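Chemist: Okay, here's what each chain looks like letter by letter:
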Amino acid sequence: MSSIVFRFGLQIFRISQRLVPGCCTRTGSWSCGVRGYAVILSFAVLTQVARADDELIQLLVCSAETSGQPAVNKICTVKPLGNGHNKVKLNLTAETAPVEVGGYKVKNTENYNGNYLTPVIEVMPGDTVAAHLENRLKPRPHGGMAHGDADENPTNLHYFHGGIVSPNNPRPNVELGTGDNIYVHLKSGGDFDFEVPIPGDKSLDARVLEENGYISHPSGLNWYHSHLHGISSDQVIGGMSGLLSVGDAKANVKAACRRNTPTDKICLNDVYKDTADLKKETVVRYALLRDIPLKITTLPEDASGADAVWAPQDQDFPTPEHKDCAVWKKEGSELKPNLDESLRKGYCQLEKESVWLFTLNGQRFPTITLDGNHNLLLRIGNVSANLAYVLELCDEAAFALNKCSEADGSVIPLTIISLDGVVPAKPVSPDDASKPVAAFDVNNLLLMPASRAEIYIRNDNKLHQNSQTYVLRTKGLKGGIDNWPAVALARIVLKPNSFASEVIVARNAPVEEFPSRPFTSLLEEAIPPEGCVRDLESAQTEYRRVTFLDPASEGGPWRIKTEIVHPNASAKETDQPPVSEATVGPFPFENYERKDGLVDWTKKHVCIFIDHSSHSGSHKQLWVLRNTTPALHNFHIHQMKFRLATIRELEDHQIIPPASHDTSSGTDIQVYDEQNSSETDPDFKPVWHDTIPVPPNNQRVFLIMSFDAEQQIGRFVFHCHILKHEDKGLMAPIEVWGPKPVLQ
Amino acid sequence: MRKLWKLVSVLCVGLPAMFSISSTRAAATTLVITGTQDVTWKSDDGQESQTDGHPLIVEVKKGDAIDIQIPSGDIPHGFITINNRGDANPSPAPDLVLACGENPQSKPNKVLRETGCTGTPSVFGKRFAGTLKLEVLDTFQADINFWCVVHKQGMWGMIKLKP
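In order, the protein sequences belong to chains A and B.
Those letters in the first sequence? Residues 1 to 744, per the numbering used here, in order.
Those letters in the second sequence? Residues 1001 to 1163, per the numbering used here, in order.
To be clear, the hints were calculated from the coordinates, so they are not data collected in a lab.
Please note that a few of the clues may not be correct.
[What the hints assert, rightly or not] With the C-beta cut set under 7 Å, the calculated list includes, among others, these residues of chain B facing chain A:
#1 V1039
#2 G1073
#3 P1076
[To be verified] Covered stretches of chain B, as calculated for chain A (at least 3 residues, CB under 8 Å):
#4 1045–1053
#5 1148–1161
[Said to hold, decoys possible] Computed list of lysine-lysine pairs in DSS-like fashion (alpha-carbon distance at most 27 Å, straight line):
#6 A:K478 - B:K1126
#7 A:K202 - A:K79
#8 B:K1126 - A:K724
#9 B:K1062 - B:K1107
#10 A:K572 - B:K1042
#11 B:K1126 - A:K561
Since we're looking at a predicted model, the values are computed, not measured.
Glycine included, C-beta positions come from ideal geometry on N, C-alpha and C.
Turn these sequences into a full structure, and let the hints steer you where they fit.
Modeler: Put into structure tokens, the structure is as follows:
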């Protein structure tokens, strides 16, 4: 059936190409073809129930290239801004509607535009991304929200996660801000318009990535999602999220400079030509990695359009008692749970009448087929509300025997070209950008909820005469009270190829430039807003300690405590006394919420002052995250990136480095960077993040945060991005303010 | 005279017996185990559990008292017995402790008894700040395991009978 749809989609696409000539002129005809085809194919495929093993559905793309095409006509508009850039606007209607997921027809999830599959937005640095959000969700009972209208199903939008963009939400009416403002509180029946400029050429202070000049917003994969405290987990599980790419889909596909020795300044290859060839050979697939709990009467293998009921309240993962997830199979005449991991193709079950589906683009265990000498750029976002995935690519035969192993070569490395929307590299000069260094490989990739990656899978560098099939799976994660299951997610088929390329895939580092512009300091109007506690005194080597805490009483909300610590060499880190007047909490986010759902900014909260206009100094801060709870948490902060601190940076703050890795969760979680120094080591390669796991039971993670760009001014949050934790209190407000008359 | 003889004979028979009993059962002592703000159990003899799953191991005698102290602080704790080692997927085993207000007949497997119950509700199995007082009963034989009701396998321990 899918092949019929395929041909049907292709035909419509060809017709549309004749009807809309020149609609795809921006990045060349190949990518235009793929993208246009993707639009039409997904449009067609959405009319049928996808089955396991079907080719991966491609998502609608809303961009300057696709706007005007029939499939995106109603949801995507693009208007030129007159400066060579565009405003790309998405219409999102939050509604309670049935959707198709993993072979089931699911009644009444909360989603956008009545569809589980949401459009990908592609915008360029310098563009403005906009959204018109309508709340047409049906009222339904919600538990655990502090304010009164939870049952009316309010919503809002984090637009967008990963963006170093302005919240544009000045006091006193913070909730009216039209930027990336999660303090919007949109009641049922209401509408709201978001408009978020993305920093273009030389307009983002490079100190946010620890360089001195200016950069464009980093190219990479980001996402948008509902963010209303108390009910965000339910809404995201239902499907209220989507991917957003800054830069075109292949912006980070680049060939590395091949050198005789690492210090050579001359490349042996033509980087420009190799990059062009590599892009030509690259097939892009966007993948929404999602999971959803359902009540079922038909088992997943038989669900060909069977009805199922959305059950967000059944959030049994991670399972507190380490209960194993099974697949119900017939043994004789009886259905019995089977714990064989190789049976878990896109699902597993804690009981016969329910299922947890793990889907890519709403499909259970789809296939991605790569023709010979074509490479796959998998642009994957873990848009799960609560689940961590440890991605691994395992030979299908080994997987069937539950024998995936790095040692015997059945697990092949994943080449990472970006993480959390940024290429893992320091910004470089235009000259160095023409000689990029190689990307790095990992055997597995921990993708916490909200994390994104661009993973490059090659089918052009080793000759093979037969098709090779791999299983993309999560190998599971256990630790503390958490138990995320191992589940197979997709098949990847590499068809035979005819030559072996020598091209090496590179890290496409952001390019740093130094515009001349006048800087002035306007410090005379720097009066701290009400409710602010004092910031760190960097000259005193102070650091910030953020502690995640269990409820004070049974059933209460989780809490966050934020302290400023003045180091004392004689004490161990956890005994370092805080500066008492700067301590905030421990509070759950509910502490700040008024009955109408808005936030009381007069209460004590974390504040950071930046005088970005003088472009002097830096607000690089050490944050020590301490997780005293028995659960793994997932730290996230809006409007910025961060990296792990180095040993030297810990020592500078009189912190004795603990073990650098925590393996108590069955996977390797790094808690600081073993590279010695970010300042003096020219080969220092930071890996930027906007989410990071924080292991349980009093473990700590050490981060460097840079608050330096005017886009960071405003009110936003840091929180645990396991959304059911966030909904239960693990979120805190933060305010970055600057001298007037800059937008506050 | 007969009364005096009786008294002497009682003393002659009874006192050695009493001394004999007290010599086989050393004086009861109180062991203090503290739930710390570093998410560990720490005993007053300097032993401490580790957050990597390494347990606190203590030894007691029948008749000893165990004080579980949880000072007030940001990080909550509580004490409950479990049916296996903390690192072997145990379940709570509250049947090992006779808590305040419980009928002794209802817990035939009890090996510890909560004491100091005058007018205060039981804190066994709950998060609390203060002291949970326990007595080691004569039924105590095999090692028992316990963990923090909040931190579970990240904060567990083992109570053994002194040889």
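Chemist: So, for every hint listed, does it hold in this structure?
Modeler: Going through the hints against the structure:
no., hint, result
1, V1039, "holds, 4 Å"
2, G1073, "violated, 10 Å"
3, P1076, "holds, 6 Å"
4, 1045–1053, "holds (count 3)"
5, 1148–1161, "holds (count 6)"
6, A:K478 - B:K1126, "holds, 25 Å"
7, A:K202 - A:K79, "holds, 23 Å"
8, B:K1126 - A:K724, "holds, 23 Å"
9, B:K1062 - B:K1107, "holds, 18 Å"
10, A:K572 - B:K1042, "holds, 17 Å"
11, B:K1126 - A:K561, "holds, 23 Å"
Hint 2 from the earlier list is the only one contradicted by this structure; the remaining hints agree with it.
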